[in-house]
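Peer 1: Sequential numbering from 300 applies to the sequence shown in our numbering.
Fair warning: there could be bad hints in the mix.
[Stated by the list, open to error] Only pairs whose alpha carbons sit at most 25 Å apart, straight line, appear in this in silico DSS-like list of lysine-lysine:
| no. | residue 1 | residue 2 |
| --- | --- | --- |
| 1 | Lys695 | Lys740 |
| 2 | Lys644 | Lys465 |
| 3 | Lys705 | Lys740 |
| 4 | Lys691 | Lys740 |
| 5 | Lys430 | Lys410 |
| 6 | Lys693 | Lys747 |
| 7 | Lys695 | Lys369 |
| 8 | Lys691 | Lys747 |
| 9 | Lys440 | Lys410 |
| 10 | Lys740 | Lys633 |
| 11 | Lys458 | Lys495 |
| 12 | Lys747 | Lys705 |
| 13 | Lys693 | Lys369 |
| 14 | Lys629 | Lys747 |
| 15 | Lys747 | Lys695 |
| 16 | Lys705 | Lys695 |
| 17 | Lys693 | Lys705 |
| 18 | Lys705 | Lys691 |
| 19 | Lys369 | Lys633 |
| 20 | Lys410 | Lys369 |
| 21 | Lys465 | Lys449 |
| 22 | Lys740 | Lys693 |
| 23 | Lys440 | Lys495 |
| 24 | Lys495 | Lys410 |
| 25 | Lys633 | Lys747 |
| 26 | Lys629 | Lys740 |
| 27 | Lys430 | Lys495 |
| 28 | Lys495 | Lys449 |
[As the list claims (entries may be wrong)] Quick list of simulated restraints, FRET-style, between CB atoms:
| no. | residue 1 | residue 2 | range |
| --- | --- | --- | --- |
| 29 | Asp639 | Arg419 | 43 to 53 Å |
| 30 | Glu486 | Ser655 | 55 to 65 Å |
| 31 | Asp420 | Thr489 | 17 to 27 Å |
| 32 | Lys369 | Leu408 | 41 to 51 Å |
| 33 | Gly769 | Ile616 | 30 to 40 Å |
| 34 | Val448 | Arg618 | 52 to 62 Å |
| 35 | Ser679 | Asn431 | 20 to 30 Å |
| 36 | Thr489 | Gln434 | 31 to 41 Å |
| 37 | Asn431 | Glu563 | 46 to 56 Å |
These are computed hints drawn from the structure, not numbers from a lab. Only a predicted model underlies this, so the values are computations on that prediction, with no experimental measurement involved. Positions of the beta carbon are idealized from the N, C-alpha and C atoms, including for glycine.
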Amino acid sequence: MIHTSDCDKLFAFNWARWLFTLGLPHCPCPLCLSSWMFLPPRPPAPLPDSRFRSSVPTSNAQWDSEERDKRPPEQVIREAIQMRLEEAYPNVLSMEDLVRILEIEDRALLKLQLEALQERDLIQLVPLEGKNVGQLGFRRKIHLQNQEVKEVKEADHMKRVSTSEKPTIAIITNLLCEKLAVDAMIEQKTTFVRYKTEGGESNVYTIGNIGPHRVISTKLAMVGRELQAKISSASITTRLLGAFQTVQHVFLVGVGGSVPHVYEFEKHSRLGDVVVSAPVRSSNGRSPMGNGTHSPVCPLDVNKPGDPVYIYCDHLIERDPKTPKSTPFKFVLKRYEIRDSTLLKCVDRVLDRFESDPSNCQWAQILTSCTNAVGEHEGSVNFSRPPPETDKLKLKIDEGVRVDIKHPEIPEDLERFYPLGIPAVRLGCFGSGRPITDNDKLRDFFAKEHQLLSYDSEYDQVLESVLGNGLNSFLIIRGMADYVEGRQDTQWQPYAALAAASFMKAVILELPSSYSP
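Please model the entire structure based on the sequences and the hints provided.
Peer 2: Structure below.
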């Protein structure tokens, strides 16, 4: 694994040289910053493609300083606190946790913003236990209506519930808006919450019905590269699937980041669109409506190794200098394949029906019916579709300057398959991994190399747990919230999550009822 401390100068030079060819003289990682001393000064980078020069007027060039957040600092901090508490839910964060996570030493300022959130009934104070006894922690307060909520104390409660409740479908989310969006699809539901204030993990899961199927949804407290996050996400998934052994299918539903394809409309997902995991070879990276009739995503050789639907980059290692390669390093990857095509066949049927009658879009109808309902239940989260002018695609030309890039136009012969305001659905492969997603150019290079349509946060440990429990039927459904990995822009997250959940429901309704016990 690459570490600056144990990386010799030759490797640093090779790494820097390769990044230099990609146009990365301003990469912020410590390795690259320590490597530029070996390189000659570089003049300001020209536009990388003549097509950008002709299609993008200079008036669209904007300096970063003009785009900086103009919100008051107090509001920025308040919203950051709320976001971190939502990510941690149902866990409790202490003042020390917030200081560490937000990197803000001014506790008085944090306290003022916490009080403001408490006045809006968005957080609740929780007495801490153990070494922090006598102190108060903070938890995001959730307003759930039209469903039963039970707080449980026993550690084995999940196992006891599994004897009476036999869900066949598990739905895994991470962000609060993702959990709320999924729960909006569930009827006759009961939510169970087990709070734990001293170490360990709190749990929240909802059991109910989608059509004839019994389903269970849960929210991971954290997802990411840090060891604690990986252990947490894997253990929650393992406990859930271990307790409810009647589960046959798993959905990972939420937000992701679109990989821009400005010259390939059929691969270019805009904000609010949906990407569904499918083998690249069978889907060919195309939208299902690409030529009016999508190719089935379930070929006879779907079980043949080599067709991943999710590629995770764990780290980078140096290549043998004697081996002629285009890069001085190689990606160390984990590939995840779908071995059971049951859910992919359901996706096919949903898309076939849409293409036969685009005016009768099932997932759009579900989305419309749920948008108002979920907004009423959790008023602090706005699930309505943001204005179209907020869907901006920008190209970073050089340090301090970005250029607006025009989205590809819908070909005239395909317009009927892309009704205005209805999320388009595309099938393809997902990618993840901080070694690539943290760097614009490297992220683009990796996406092109592996024909990716979307990135998301690191769900490798969740997939490891799913497959480790013998569940080969899974599906990843992501609504596009930005053009990175779904976590950079919160404005589109609720709507994108609801769009993904709506398509999930359409797929579940295609499952034969015989899959339910």
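Peer 1: Run every hint past the structure and note whether it holds.
Peer 2: Checked hints:
Pair hint Lys695 plus Lys740 holds up; C-alpha atoms about 10 Å apart against a cutoff of 25 Å. Under the criterion of a C-alpha separation no larger than 25 Å, the hint pairing Lys644 with Lys465 is consistent with the structure, at around 24 Å. Among the hinted pairs, Lys705 with Lys740 is consistent with the structure: their alpha-carbon atoms are about 19 Å apart, no more than 25 Å. In summary, the hint linking Lys691 to Lys740 is supported, as the alpha carbons are separated by about 18 Å, within the 25 Å threshold.
A distance of roughly 21 Å separates the Cα atoms of Lys430 and Lys410; the hinted pair therefore holds under the 25 Å criterion. Between Lys693 and Lys747 the alpha-carbon distance is near 18 Å, which keeps this suggested pair within the 25 Å criterion. Taking the CA atoms of Lys695 and Lys369, the gap is about 20 Å. The hint holds against a cut of 25 Å. Straight-line distance between C-alpha atoms of Lys691 and Lys747 comes to about 21 Å, which keeps the hinted pair within the 25 Å bound.
At roughly 17 Å between alpha-carbon atoms, Lys440 and Lys410 fall within 25 Å of each other, so this suggested pair holds. Only pairs whose Cα atoms come within 25 Å are accepted, and Lys740 paired with Lys633 is accepted, the gap being roughly 21 Å. A hinted pair counts as satisfied when its Cα atoms are at most 25 Å apart, and Lys458 with Lys495 qualifies at roughly 17 Å. For the given pair, Lys747 sits about 20 Å from Lys705 by alpha-carbon distance, which is consistent with the 25 Å threshold.
Using a Cα cut-off of 25 Å, the hinted pair Lys693 and Lys369 holds, with the two alpha carbons roughly 19 Å apart. Taking the CA atoms of Lys629 and Lys747, the gap is about 15 Å. The hint holds against a cut of 25 Å. Between Lys747 and Lys695, the direct Cα distance comes to roughly 18 Å. Compliance with the 25 Å bound is thereby established for this hinted pair. Proximity of Lys705 to Lys695 is assessed by CA-CA distance (about 14 Å); at most 25 Å being required, the pair is judged to hold.
A hinted pair counts as satisfied when its Cα atoms are at most 25 Å apart, and Lys693 with Lys705 qualifies at roughly 9 Å. Taking the CA atoms of Lys705 and Lys691, the gap is near 8 Å; set against the 25 Å cutoff, the hint holds. At most 25 Å may separate the alpha-carbon atoms for a hinted pair to count; Lys369 and Lys633 exceed this at roughly 40 Å. The hinted pair formed by Lys410 and Lys369 meets the criterion: a straight-line CA distance of about 22 Å does not exceed 25 Å.
Only pairs whose Cα atoms come within 25 Å are accepted, and Lys465 paired with Lys449 is accepted, the gap being roughly 18 Å. Between Lys740 and Lys693, the direct Cα distance comes to roughly 13 Å. Compliance with the 25 Å bound is thereby established for this hinted pair. About 15 Å separates the Cα atoms of Lys440 and Lys495, which keeps this hinted pair within 25 Å; it holds. A hinted pair counts as satisfied when its Cα atoms are at most 25 Å apart, and Lys495 with Lys410 qualifies at roughly 23 Å.
Under the criterion of a C-alpha separation no larger than 25 Å, the hint pairing Lys633 with Lys747 is consistent with the structure, at around 17 Å. A C-alpha spacing of about 16 Å is found between Lys629 and Lys740, which places the hinted pair at or below 25 Å, so the restraint holds. Our distance criterion of 25 Å between C-alpha atoms is met by Lys430 and Lys495, whose separation comes to about 14 Å. At most 25 Å may separate the alpha-carbon atoms for a hinted pair to count; Lys495 and Lys449 meet this at roughly 15 Å.
One distance hint, 43 to 53 Å for the beta-carbon pair Asp639 and Arg419, holds here, with the actual separation near 45 Å. For Glu486 paired with Ser655, a C-beta distance near 28 Å fails the hint of 55 to 65 Å. With their beta carbons about 23 Å apart, Asp420 and Thr489 fall inside the hinted range of 17 to 27 Å. Between Lys369 and Leu408 the beta carbon distance is about 19 Å. The supplied range of 41 to 51 Å is therefore violated.
Between Gly769 and Ile616 the beta carbon distance is about 31 Å. The supplied range of 30 to 40 Å therefore holds. Taking the beta carbon of each, Val448 and Arg618 are about 54 Å apart, inside 52 to 62 Å as hinted. Separated by about 27 Å at the C-beta atoms, Ser679 and Asn431 satisfy the suggested range of 20 to 30 Å. The hint said 31 to 41 Å for the Cβ distance between Thr489 and Gln434, and at roughly 32 Å that hint holds.
Taking the beta carbon of each, Asn431 and Glu563 are about 53 Å apart, inside 46 to 56 Å as hinted.
In this structure, the hints that do not hold are numbers 19, 30 and 32, in rising order.
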